[in-house]
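> Listed here are the chains, written in short residue letters.
Number of protein chains: 6
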Amino acid sequence: MDDKIKDFKAYREKMNERLLAANNNKVIKRIFNLDTNTYMEGALSSRVKEMLGLVSSMVLRCDDCIKYHLEKCYELEVTSDEMMEIFAVANLVGGTIVIPHTRRAMEYWELLNQEAR
Amino acid sequence: MDDKIKDFKAYREKMNERLLAANNNKVIKRIFNLDTNTYMEGALSSRVKEMLGLVSSMVLRCDDCIKYHLEKCYELEVTSDEMMEIFAVANLVGGTIVIPHTRRAMEYWELLNQEAR
Amino acid sequence: MDDKIKDFKAYREKMNERLLAANNNKVIKRIFNLDTNTYMEGALSSRVKEMLGLVSSMVLRCDDCIKYHLEKCYELEVTSDEMMEIFAVANLVGGTIVIPHTRRAMEYWELLNQEAR
Amino acid sequence: MDDKIKDFKAYREKMNERLLAANNNKVIKRIFNLDTNTYMEGALSSRVKEMLGLVSSMVLRCDDCIKYHLEKCYELEVTSDEMMEIFAVANLVGGTIVIPHTRRAMEYWELLNQEAR
Amino acid sequence: MDDKIKDFKAYREKMNERLLAANNNKVIKRIFNLDTNTYMEGALSSRVKEMLGLVSSMVLRCDDCIKYHLEKCYELEVTSDEMMEIFAVANLVGGTIVIPHTRRAMEYWELLNQEAR
Amino acid sequence: MDDKIKDFKAYREKMNERLLAANNNKVIKRIFNLDTNTYMEGALSSRVKEMLGLVSSMVLRCDDCIKYHLEKCYELEVTSDEMMEIFAVANLVGGTIVIPHTRRAMEYWELLNQEAR
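Protein chains in written order, with my numbering: chain A, 1 to 117; chain B, 1 to 117; chain C, 1 to 117; chain D, 1 to 117; chain E, 1 to 117; chain F, 1 to 117.
Keep in mind that the hints are not guaranteed to be accurate.
You can't tell identical chains apart in this list, so a pair holds if it fits in one copy or across any two.
[What the hints assert, rightly or not] Below, in silico cross-link-like pairs of lysine-lysine (DSS-like), each with a Cα-Cα straight-line distance of 30 Å or less: (1) K6 x K72; (2) K4 x K29; (3) K72 x K26; (4) K72 x K14; (5) K14 x K4; (6) K72 x K29.
Hints in this document: simulated from the structure, not taken from any laboratory.
So that you can see chain A by itself, here it is in the shape it has in the complex (with noise of 0.2 Å):
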């Protein structure tokens, strides 16, 4: 796996146990579980889903949040050519302030499609 993926993975994992680990956390607790359950297959797909939190998260501009569902992305077979579509929404609706992010998420997105080759 490249070190960019698996640092992060590790990074983000090592830190979610010690939040979940925490004395009083039960909010955060809540929180996390509920992350898990929205994205779930519904009436929506997991797929779209994933789909509309990678969107969100370009246009509110958190990297780590859109790695994350670039991971999700790939491991539920969103194509290059769908990808490109959800840049351009994105960078539509939020402005060529998402440029750089999506700059990051190319790259991440490259990255993903690599280890698999």
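Given the coordinates of chain A, assemble chains B, C, D, E and F onto it according to the supplied hints.
What follows is chains B, C, D, E and F alone, placed relative to chain A:
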């Protein structure tokens, strides 16, 4: 047509015309143009793209943008069950700050559905 | 009760009920639930937590969220002197973009206080 | 004067006075003060600074702040051709989410210009 | 002192000095000044005000601002149990988009606490 | 050229090329195109427009966008006295949340100026 829908559409149309009729507005015109093209059928369906536009508008908390995409989603036959899941993603990702916009979105969505009866 | 307060409460209540009565709204319901629990007495008092909720709503510039937390702060006997210091932090951190929301917050805060006389 | 302009100015003035008359508002007062000083003639002209204030208000999507800076730009004789280019930058950088605010800005700008005839 | 804390403090101090030493920076200087005054003891304690500053920084997702207020909260003896409730409000109000910032906040908070041992 | 400037430019260029080389990226391409056109000489000079782009990037707190517009402002001979007034507007309108971005902007601005000596 319900007055809330009619008034919103009339104001939007009137002011869009004024913006497009203005001198020296080449960039604005091209953004409007691009706005139309971005949501056309492609690797993703217009239906999914309108959902992406809606969820983006919700987390960025723009009521008029939300209304616009609700209209489009309604035309493209997004169901109320699907809509509730879009609302769910928006409120999870964007937080409780999205709730007041969800109340207004719910009202507008119900008006759009009552129209059709 | 002043009409501005009454109307705001009535609309909020009506639309919350409609959201909670909708099918397929499990996530929304749980977020509403969590919203109630988060502000309960704990390591921090409800009073301080409502102040935290208020200042967050101010810097995120959500008028309805501001009104809601102003009501809660009023119930929990936050004083006007304390309120001005919350406004101060919000305007300092969030910038002059928060001023119009502070004007409306001030108006609502005064209405809440006039009620009681 | 058009009612939309008059009402906006009256409310702003009334509530600013109430904020400035409040006890324990030293920070708010100093922010208001600083707000006046920042736009004064300096290395940059007031005219350019008001444009900077306007475009910032547009990308942050604060309608009342936009109106305020539109008034100032009008007083400082910003032309409609220049205004359209400010709108262009705001919509490009901030995305289509800025369009509804641009519609309202356009309306207010036209009202300000009609005043003068 | 841990390197992450030391480096952050050193960079902040160095660049603040450069900003304050610059010509024509009167407004910046006054904002820095106001920043100090706003958090002083008043109707609300510095302790509560720093919590307000922290939660504002979290929902606005500014990592450096978060670190700064974490340091202040630590100095003012905010407990870890209280901190988890501030994190809870921030994540509830601001949504899951706040989670990556909470992970980094948690890491920095733990570093600050390890210092003291 | 200083490494910070060189690295930033190289990464930006590399990833922009990858985005423009991707299939199915028509919208992205047109946004990039529009981005170039918007800042061209018009009713407002490129110089003023780049200032508008910079202040927008600062209040929206996008470090890479800030760097890009700092480079353009430097090329168009914006002075350091003018720059401090742009920083002032950004920090006033956007609040203290903009300070960490101003520190980094100041550092990059100084690097750009040291280049030239």
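> Next, verify each hint and record whether it holds.
Hints and how they fare:
1. For the homomeric pair K6 and K72, the shortest alpha-carbon distance inside one copy (15 Å) is at most 30 Å, but the shortest distance between copies (33 Å) is not.
2. Within a single copy, K4 and K29 get their C-alpha atoms as close as 27 Å, and across copies as close as 27 Å, so both meet the 30 Å cut-off.
3. Taking CA atoms no more than 30 Å apart as the test, K72 paired with K26 passes in both settings, with 26 Å inside one copy and 22 Å between copies.
4. Both within a single protomer and between protomers do K72 and K14 lie at most 30 Å apart by alpha-carbon distance, with minima of 19 Å and 25 Å respectively.
5. When the C-alpha separation of K14 and K4 is checked against a cutoff of 30 Å, the pair qualifies both within a copy, at 15 Å, and between copies, at 17 Å.
6. Both within a single protomer and between protomers do K72 and K29 lie at most 30 Å apart by alpha-carbon distance, with minima of 21 Å and 25 Å respectively.
The earlier numbered hints are all upheld by this structure, with none contradicted.
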